[in-house]
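Listed in order, the protein sequences are those of chains A and B.
Mapping to UniProt numbering: the first sequence position 222 is 222, numbers consecutive.
Mapping to UniProt numbering: the second sequence position 58 is 58, numbers consecutive.
Hints are supplied without guarantee of correctness; some may be wrong.
[Unchecked claim] Derived DSS-like pairs: lysine-lysine, alpha-carbon spacing no greater than 25 Å straight-line: (1) B:Lys-86 to A:Lys-211; (2) B:Lys-86 to A:Lys-356; (3) B:Lys-121 to A:Lys-211.
[As the list claims (entries may be wrong)] Every beta carbon over 10 Å from chain B, so not counted as near; a handful from chain A, in silico: (4) Ala-38; (5) Gly-43; (6) Tyr-73; (7) Asn-74; (8) Asn-79; (9) Asn-126; (10) Val-232; (11) Asp-320.
[Said to hold, decoys possible] Quick partial rundown of chain A residues pointing at chain B, CB under 8 Å, derived from the structure: (12) Ser-87; (13) Ala-91; (14) Glu-156; (15) Arg-158; (16) Asp-199; (17) Arg-203; (18) Lys-228; (19) Pro-255; (20) Tyr-342.
The hints are simulated quantities; they were obtained by calculation from the structure and are not laboratory data.
If you're wondering where the values come from, they're calculated on a predicted model, not measured in any experiment.
The beta-carbon is built from N, C-alpha and C at its ideal position, and this holds for glycine as well.
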Amino acid sequence: MMNSNIRYARQLASFTALVAVTLPLSPVLAQDAALIDAAKKEGTVSVYTSTDAEQSQKLQDAFTKKYGIAIAYNDVGTNGAYNQVISEAAAGQVTADVVWSSAMDLQMTLVKDGYAQEYASPEAANIPAWANYKNILFGTTVEPIGVIYNTKALTEDRLPKTYADMITFLKNNKTELQGKVATFDPEKSGSGFLHHSNDARQRKDFWDLAKAMGDDGAKIYSSSGGMKETVVSGENVIAINIIGSYALDWVKESPNLGVHFASDYTPAFSRLALVANNAPHPNAAKLFVDFLLSQEGQSALAEGGLPAVRKDATGGLNIDTLSKRVGGGLKPIAVDEGLLEYMEPTKRVQFLNDWKAALGR
Amino acid sequence: MNVQTQNPALAAVGVAHAHHYPAKMPVVGNARLYRIVVIGLLALAVLTPVGLIIYQSFLTGPFFSPRAALGLDAYAYVFTDRNFYKALGTTAVFAFGMVAIAVPLGGLLAFLITRTDIRYKRLLEILVLVPMFISSIVLAFGYTVSVGPTGFLSLAMRDLIGIVPWNIYSLTGMIVIAGLSHVPHVHLYVSSAMRSLPSDLEEAARTSGANIWQVSRDVTLPMVLPSIVFAASLNVLLGFETFGIPLVLGDPNGIMVLTTYIYKLTTLFGTPTYQLMAVVAVVLLLITLPLVWMQRRLLRNARRYAALGGKGSRVATLKLGRNGQLVALGVIGLWLFVSVVLPIGGITVRAFVDAWGEGVNLLDQLTLANFARLTEVPSLVRGMINTVILSVVGGAVAVGIYLLVGLAGHRNHGLSNTVLDYIVLLPRALPGLVIGLAFFWVFLFVPFLTPLRPTLFSLFIAYVVVGLSYGLRLLQGTLIQVAPELEESARTTGATIGRTWRDIVIPIVRPGLAGAWALIMIIFLREYATGVYLMGAGTEVIGSLMVSLLTTGAMNTIAALALISIVLTGAGLALALRLGARIHD
Chain A
1 MMNSNIRYAR
11 QLASFTALVA
21 VTLPLSPVLA
31 QDAALIDAAK
41 KEGTVSVYTS
51 TDAEQSQKLQ
61 DAFTKKYGIA
71 IAYNDVGTNG
81 AYNQVISEAA
91 AGQVTADVVW
101 SSAMDLQMTL
111 VKDGYAQEYA
121 SPEAANIPAW
131 ANYKNILFGT
141 TVEPIGVIYN
151 TKALTEDRLP
161 KTYADMITFL
171 KNNKTELQGK
181 VATFDPEKSG
191 SGFLHHSNDA
201 RQRKDFWDLA
211 KAMGDDGAKI
221 YSSSGGMKET
231 VVSGENVIAI
241 NIIGSYALDW
251 VKESPNLGVH
261 FASDYTPAFS
271 RLALVANNAP
281 HPNAAKLFVD
291 FLLSQEGQSA
301 LAEGGLPAVR
311 KDATGGLNID
321 TLSKRVGGGL
331 KPIAVDEGLL
341 EYMEPTKRVQ
351 FLNDWKAALG
361 R
Chain B
1 MNVQTQNPAL
11 AAVGVAHAHH
21 YPAKMPVVGN
31 ARLYRIVVIG
41 LLALAVLTPV
51 GLIIYQSFLT
61 GPFFSPRAAL
71 GLDAYAYVFT
81 DRNFYKALGT
91 TAVFAFGMVA
101 IAVPLGGLLA
111 FLITRTDIRY
121 KRLLEILVLV
131 PMFISSIVLA
141 FGYTVSVGPT
151 GFLSLAMRDL
161 IGIVPWNIYS
171 LTGMIVIAGL
181 SHVPHVHLYV
191 SSAMRSLPSD
201 LEEAARTSGA
211 NIWQVSRDVT
221 LPMVLPSIVF
231 AASLNVLLGF
241 ETFGIPLVLG
251 DPNGIMVLTT
261 YIYKLTTLFG
271 TPTYQLMAVV
281 AVVLLLITLP
291 LVWMQRRLLR
301 NARRYAALGG
311 KGSRVATLKL
321 GRNGQLVALG
331 VIGLWLFVSV
341 VLPIGGITVR
351 AFVDAWGEGV
361 NLLDQLTLAN
371 FARLTEVPSL
381 VRGMINTVIL
391 SVVGGAVAVG
401 IYLLVGLAGH
411 RNHGLSNTVL
421 DYIVLLPRAL
431 PGLVIGLAFF
441 WVFLFVPFLT
451 PLRPTLFSLF
461 IAYVVVGLSY
471 GLRLLQGTLI
481 QVAPELEESA
491 RTTGATIGRT
501 WRDIVIPIVR
511 PGLAGAWALI
521 MIIFLREYAT
531 GVYLMGAGTE
541 VIGSLMVSLL
551 TTGAMNTIAA
561 LALISIVLTG
571 AGLALALRLG
581 ARIHD
């Protein structure tokens, strides 16, 4: 009796263990197969994005090769993506399946306003917790924000090590840097606004930095590439708060160009993906998001120069190797409601007014 | 603007003595219905997006949002915004400064080319138009590479004299560049007026001992003054609408004009504030209306002026003499160097290197990688193919449409023609970005149009409307060359007006149509702002791809695309020359 009881208990235990192992697994696998089937039937997925086709071509090719599903790739910019999504929804003519954009705040706004649908991607478990907002908005990359400089004008040893050092550096070299400092224009560039306002949220001394840039007669630009052009040509000596992952690629080819990250604080933004509400190809959309977050997709992104948010991505930088590369101070911008803080008009206008005052404009 | 090129004698009669001869066209048999239908359809195509923008300006949110209500909040915001007035002031200085440069130079060029025996006339006629065919965004980039603070010419200059004596990143720099690149717009209008001037007055002055400059100042200038004022007012309009030059050259130093102010409104509040953009667009429209009205008045006077000379006689050219030739060709050469060679040279250099500037040896940087990369990205390849289709096929269809409209306005002096004059210029007054956005909405929200949105057709319609003022002018210029006697004799012998057009007018203008096609092709090729919102996967076009790439700053790709677009434009121009485009009249 005793024995059989124990045996029964053992059997039960092993059975529950088996169930515990297989249950969460098998439905996922089943769903996967069904999803792939349904997605293939849909045959195409329409992606609205701000990522240049050049950077994501490897990802697109890998996806289409694997599933035979065509990607209608709409590189319409951050504002274009947002505008098209809300306009299409209002007209009842939704063509967007996946929205994949670097404007983290606009993406969160789309979620908050009900333009996205929840999707529990089986791959979501493999990305950091900060990169998954309620299974509805997913971080796909981690792209550090840093500094580029002209190596003919500045030697590496002169570059400030920490965020605070940068403020001192700008103050102490006013004559040398006058009119030769570049930074993002938060009024014209959504990315610029995100970079600066995130710093303002994270760092008390952000306004000291802004003031120091203003004292150096900083010029403002609406793209990282535009700033790179001026730094390589020697028109500017240093550009602050540019997209560092682009810069890591640029320095390989451009002479005169160096890239630098503060060792204590390197914020990083992420390209966020969501499945659009009423997406005409919902299964293909989900499959594409799965692929974006999968080891294979993440590796394809990394290969194209967009550092992966997954640790196990190969072919380029991933979150771990990137963290080492930037000196350990990596601070990814979390995908949470904090992103909406500056979407509130009065706060936003206040920020921009403070910014203009600091820059002396 | 359409009557600018009319045979002066006829035009004068048509307006000043309409009640004498020719007798007023009869209502019946004058294709009145056709005219009304065509002009009505055109008005619909133009006024739908324009009306949408005006409506949007009176709302508190996007027009499609359930939360949007009627209100003047947007006007209140814009009209109390310090930055708006700053931008308005800068725009005014910019526009008038530009005119102050473009008009005298354009007038001078027109005089040299139409009234004197300057050499290489045939070639010059085409060359002087080239700056007009380069989109201002490409132009501005080209300049940064050649004469920017570390441009190759600036660096050479600095090696030579120690400093760079110019700064293109300033309001003055922007005005000079915009002024020089708008010379063709003035030249185009003034030269057609000069062409129709009889030369007997100039000859009389010359034989009584006046030198060539006295002739031009005291005889030619007063006669074409109306057309100069007309060209000036048109260029003020273009100055208000310019986007590429202020974006590239003014932005980094915070010099803002109305169009870049609108651009800023897309991001200023995080989410796009369409109502504010619409208000600024309405302001631009309001500035246009009095300009059109003034132009129409001027034209009436222009006809009277021209009529003074009586029937047009053979135009004899003034002799420049050896030194005169040298000076004239020198001036034109210098201008062409600054406004064509410098920007195109800059773009060409940039397209074949990865880096440039101080301490960079361009020869070390030479590469074809920028072009190789283009071919690897399907959307860029599609962009090139689409651009060619839109310009070549779309351009041809557009000529057909402009011809239909041109016929509707041909020898028509009724109310519908007044309507035509106004609606033609409206799209020109709006920034391309805004009109493109409005068309995007039209194709999204008008039920039977929605299937067209993801096709090149939506871009085509937007292009036709945006290119209307230039295209129609070309066609009207061609149509007016048909001597009225031919049409009158056909009508007298009993032909209907339709038959007259089919058997007399169109066969005569056919060679002109081919030339017009080549020129429209070039205009469609250089278009960039209009397609930004309209293009999607499969309907990419080069110009809009460049704007989209600008937001990430992929300069290597932009430069390569820009050079390709210049090469295509060159091919279009060569074709235009072969087809014998009659650009001037």
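Verification of the supplied hints:
1. B:Lys-86 to A:Lys-211: OK: Lys-86 (chain B) and Lys-211 (chain A) at ~23 Å, within 25 Å.
2. B:Lys-86 to A:Lys-356: Roughly 15 Å between the alpha carbons, so the hint for Lys-86 (chain B) and Lys-356 (chain A) holds.
3. B:Lys-121 to A:Lys-211: Distance ~58 Å between Lys-121 (chain B) and Lys-211 (chain A) Cα, so the pair is violated.
4. Ala-38: Holds, since 22 Å exceeds 10 Å.
5. Gly-43: holds, 14 Å
6. Tyr-73: Violated, since 5 Å does not exceed 10 Å.
7. Asn-74: Check fails; 5 Å does not lie beyond 10 Å.
8. Asn-79: Incorrect as stated: the minimum Cβ-Cβ distance to chain B is 5 Å, not above 10 Å.
9. Asn-126: holds, 27 Å
10. Val-232: violated, 5 Å
11. Asp-320: Asp-320 (chain A) is indeed farther than 10 Å from all Cβ atoms of chain B, at 26 Å.
12. Ser-87: holds, 6 Å
13. Ala-91: holds, 5 Å
14. Glu-156: violated, 16 Å
15. Arg-158: violated, 17 Å
16. Asp-199: violated, 17 Å
17. Arg-203: violated, 21 Å
18. Lys-228: holds, 7 Å
19. Pro-255: Holds - the Cβ of Pro-255 (chain A) comes within 8 Å of chain B, reaching about 6 Å at its closest.
20. Tyr-342: Since the shortest Cβ distance to chain B is 7 Å, the answer is holds.
Hint compliance for this structure: hints 3, 6, 7, 8, 10, 14, 15, 16 and 17 are not met, and every other hint is.
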